[in-house]
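Next come the chains, spelled out residue by residue.
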Amino acid sequence: MRIVLTSVLVDDQEKALHFYRDILGFKPKEDIPMGHHRWLTLVAPENPDGVELLLEPDEHPAAKPFKAALVADGIPCTSFGVADVQKEYQRLVELGVIFTQKPAAMGPVTTAVFDDTCGNLIQIAQRH
Amino acid sequence: MCPFGIMQQHCCMMVVYVIMDLDRLFHALADSTRRRLIDELAERDGQTLFELHVRMMQWHGAGLTRQALSRHLGVLEEVGLLRCEWQWRSKFHFLELEPLRRASAIWLGAYLKKPDRKGSMSHAHRAHERARR
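Protein sequence lines, in the order shown, are assigned to chains A and B.
Quick note on numbering: this note's numbering labels position 24 of the first sequence as 24, and the sequence is numbered without any gaps.
Quick note on numbering: this note's numbering labels position 113 of the second sequence as 241, and the sequence is numbered without any gaps.
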């Protein structure tokens, strides 16, 4: 058994595609129409056969209050690995991304947390 | 009812209020977790519950639950040492030093002033008496 897919619950798939592709820099992999929505996944450009990130609609009535509660407390819904948090922070800030936590050394990692514009907070982490 | 009586009553109420205020403030400070929260916010002001929780876990170990942390933050907020502010859709916590300054002005400060040979101890003694009333 392998982990091949993970997902973020997004309020708008097209907006999410723009953010995850054009701002974060992930590469689209699958884009399959499914009724009102799409099966929309992206991968890291340096690892096209790696874990796919599914941009999943947050239509379920429980999804929005759950997301809002996490965002209120500053809790990220997932974490992506980066080589240099400080550098990535500067790059994203220049692109207009809003951070709820600036880079901070937290024991064995340095982390930062930003808003994905689709109702989630995302953490970036660098292992030392 | 003479005006002097009204004044006296008013002053007494002020003293009682100040003492209660000090009691609540020192109660809030009488906990190492809450003092550590003040240290963390002094180092970086304006943190979400998540960031504070991660920082506190490094210091406290796994023993501190998010619920316990929320309660500690509530105690600090009640005495005015903490101010919460919503930015975007997240809640941020900021340190407020005014209650500590007030505590210093109305009681602690008297002990921390340099002794001036004459009368300094009696001044501190009077401050002590006031605090006990």
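Some clues are possibly wrong.
Stated by the list, open to error - Cut-off 16 Å, straight-line C-alpha distance, at most; resulting in silico cross-link-like pairs (EDC-like, lysine to aspartate or glutamate):
1) A:K29 - A:E56
2) A:K27 - A:E52
3) A:K102 - B:D173
4) A:K64 - A:D12
5) A:K102 - B:E171
6) B:K219 - A:E56
7) A:K15 - A:D73
8) A:K29 - A:E46
9) B:K219 - A:E52
10) A:K102 - B:E168
Unchecked claim - The following label-pair restraints were derived from C-beta to C-beta distances:
11) A:E14 - B:R152: 46 to 54 Å
12) B:F222 - A:E59: 44 to 52 Å
13) A:I32 - B:W187: 28 to 36 Å
14) A:K27 - B:F154: 52 to 60 Å
15) B:Q186 - A:P65: 24 to 32 Å
16) B:R217 - A:R21: 18 to 26 Å
It should be emphasised that the hints constitute simulated quantities derived from the structure, not laboratory data.
What you are looking at is a predicted structure, and each value in this text was computed from that prediction instead of being measured.
Note that the Cβ used here is the ideal one computed from N, Cα and C, for glycine as well.
For each hint, the structure was consulted:
no.: 1; hint: A:K29 - A:E56; in the structure: 14 Å, holds
no.: 2; hint: A:K27 - A:E52; in the structure: 10 Å, holds
no.: 3; hint: A:K102 - B:D173; in the structure: 11 Å, holds
no.: 4; hint: A:K64 - A:D12; in the structure: 12 Å, holds
no.: 5; hint: A:K102 - B:E171; in the structure: 13 Å, holds
no.: 6; hint: B:K219 - A:E56; in the structure: 26 Å, violated
no.: 7; hint: A:K15 - A:D73; in the structure: 24 Å, violated
no.: 8; hint: A:K29 - A:E46; in the structure: 13 Å, holds
no.: 9; hint: B:K219 - A:E52; in the structure: 31 Å, violated
no.: 10; hint: A:K102 - B:E168; in the structure: 14 Å, holds
no.: 11; hint: A:E14 - B:R152: 46 to 54 Å; in the structure: 52 Å, holds
no.: 12; hint: B:F222 - A:E59: 44 to 52 Å; in the structure: 36 Å, violated
no.: 13; hint: A:I32 - B:W187: 28 to 36 Å; in the structure: 48 Å, violated
no.: 14; hint: A:K27 - B:F154: 52 to 60 Å; in the structure: 58 Å, holds
no.: 15; hint: B:Q186 - A:P65: 24 to 32 Å; in the structure: 30 Å, holds
no.: 16; hint: B:R217 - A:R21: 18 to 26 Å; in the structure: 23 Å, holds
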